[in-house]
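Protein chains: 2
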Amino acid sequence: MIELYEFPLSGNCHKVRLMLSLLSLDYRSVPVSGAEREHQQARFLALNPFGQVPVLVDSGLVVRDSQAILVYLARRYGGPTWWPDDARELAAVASWLFTAANEIARGPNAARLHRKFGKPLDYETALAVAAEVMGIIEVQLQERSWLALDRVSIADIACYPYLALAAEGGIDLAPYPAMRNWFGRIQNLPGYVAMPGL
Amino acid sequence: MIELYEFPLSGNCHKVRLMLSLLSLDYRSVPVSGAEREHQQARFLALNPFGQVPVLVDSGLVVRDSQAILVYLARRYGGPTWWPDDARELAAVASWLFTAANEIARGPNAARLHRKFGKPLDYETALAVAAEVMGIIEVQLQERSWLALDRVSIADIACYPYLALAAEGGIDLAPYPAMRNWFGRIQNLPGYVAMPGL
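Taken in sequence, the protein lines are chains R and H. Numbered per numbering that gives the first Met the number 0, the first sequence spans residues 0 to 197. Numbered per numbering that gives the first Met the number 0, the second sequence spans residues 0 to 197.
Hints are computed from structural coordinates only; laboratory data are not their basis. Hints may be right or wrong, so weigh each one.
[Stated by the list, open to error] Taking lysine to aspartate or glutamate pairs in the DMTMM-like style, the calculated list, with each CA pair at most 25 Å apart, reads:
id, chain 1, residue 1, chain 2, residue 2
1, H, K115, R, D121
2, H, K118, H, E131
3, H, K115, H, E167
4, R, K115, H, D121
5, H, K118, R, E131
6, H, K118, R, D121
7, R, K115, R, E35
8, R, K115, R, E167
9, R, K118, H, D121
10, R, K118, H, E131
11, H, K115, H, D25
12, H, K118, R, E123
13, R, K118, H, D171
Note that the structure is predicted; figures quoted are calculated from it, not measured.
So here's chain R without its partners, still in its complex pose:
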């Protein structure tokens, strides 16, 4: 029995929903109310002391952090297609997972938090970080179909939501045609699910 504690409009939650769907895994959604700050209340903090969604609970095992949940699902349920055993492949996937956790979080994700949800933060810095990481990814995707491997991997799933939602952060996607083609490849995967804004 898998449970996913989540916000509906979070891209970090969406990457987990997407992965669960790509793996054809059944789960129960447990909506957490951001408006009521449920993620900061004792019951939720007992699951994740960082007070962040998503949290995945799989038969009693609690996994926090969206990227770590992708690692867990790929290893536990994905087979070698989704979880490479080869050290070189693993290194490539890992590098992009940390890009999702770092530059994509501080760039397009932060820009969207500011523009769509009013979060006070340095929007100009977020735009600058976004422009750098999106430029690098655009160059990567001009030469390859997927970010890390010759097939889709959790690197793509981790990076996709906040790049595809960048317009909600006031970022024009027109300069990124290779990235938009990659969005299309992800959206054509069997089991793809969307969210508002995608």
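Here the structure of chain R is known, so what remains is to put chain H in place on it, guided by the hints.
Same frame as chain R, now just chain H:
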């Protein structure tokens, strides 16, 4: 032949140096001059378009991002002790790797960048993020010897440098006795190496 492109005073570089030493791996250090902004020059950007150190090159394979390098080294050279095959153990290790990439980077690492190197950033926010993550880690380490597993893992190596260097960011370590005991356990590992400030 392993080469490590690095800044001497970077905690992210140090975690890789420490891991290489714990695994008894020989490597050649390639110092990158931050003062001359070598990390932003074409020769370095060809290795890592993000312009960040560390970068590890292992017989032609280029791995960027300090946490991803730890994943690579553990998988390639560490055996099952350092790279768990079990999905539950992997989930626990991964969660803390992303904490190193996120809260520890935005907290104690950012505070040190500001206080020691004069980087313009929101120091109060860095202190607040540091206080939260260090408080959570202190509670964890009151009940267990290592962050993720019942033995040392790359989760400990990833989180250690910027926590142990927190005083250089103006953060008092006195309220964190369990964390300081954990520093001692890491410093007693065979092959431990220090850096200035540790």
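Here is what the structure says about each hint:
Restraint check for K115 of chain H and D121 of chain R: satisfied, since their Cα atoms lie roughly 22 Å apart, inside the 25 Å limit. At most 25 Å may separate the alpha-carbon atoms for a hinted pair to count; K118 of chain H and E131 of chain H meet this at roughly 22 Å. A hinted pair counts as satisfied when its Cα atoms are at most 25 Å apart, and K115 of chain H with E167 of chain H qualifies at roughly 6 Å. The straight-line distance between the Cα atoms of K115 of chain R and D121 of chain H is roughly 22 Å, inside the 25 Å bound, and the hint therefore holds.
Between K118 of chain H and E131 of chain R the CA atoms are separated by roughly 19 Å; this keeps the pair inside 25 Å, and the hint holds. A C-alpha spacing of about 15 Å is found between K118 of chain H and D121 of chain R, which places the hinted pair at or below 25 Å, so the restraint holds. For the hint pairing K115 of chain R with E35 of chain R, the CA-to-CA distance comes to about 18 Å; that is within 25 Å, so the pair holds. In summary, the hint linking K115 of chain R to E167 of chain R is supported, as the alpha carbons are separated by about 6 Å, within the 25 Å threshold.
The hinted pair formed by K118 of chain R and D121 of chain H meets the criterion: a straight-line CA distance of about 15 Å does not exceed 25 Å. Restraint check for K118 of chain R and E131 of chain H: the C-alpha separation of about 19 Å stays at or below 25 Å, so the hint holds. For the suggested pair K115 of chain H and D25 of chain H, the alpha carbons sit about 30 Å apart, so the restraint of at most 25 Å is broken. Our distance criterion of 25 Å between C-alpha atoms is met by K118 of chain H and E123 of chain R, whose separation comes to about 17 Å.
Proximity of K118 of chain R to D171 of chain H is assessed by CA-CA distance (about 29 Å); at most 25 Å being required, the pair is judged violated.
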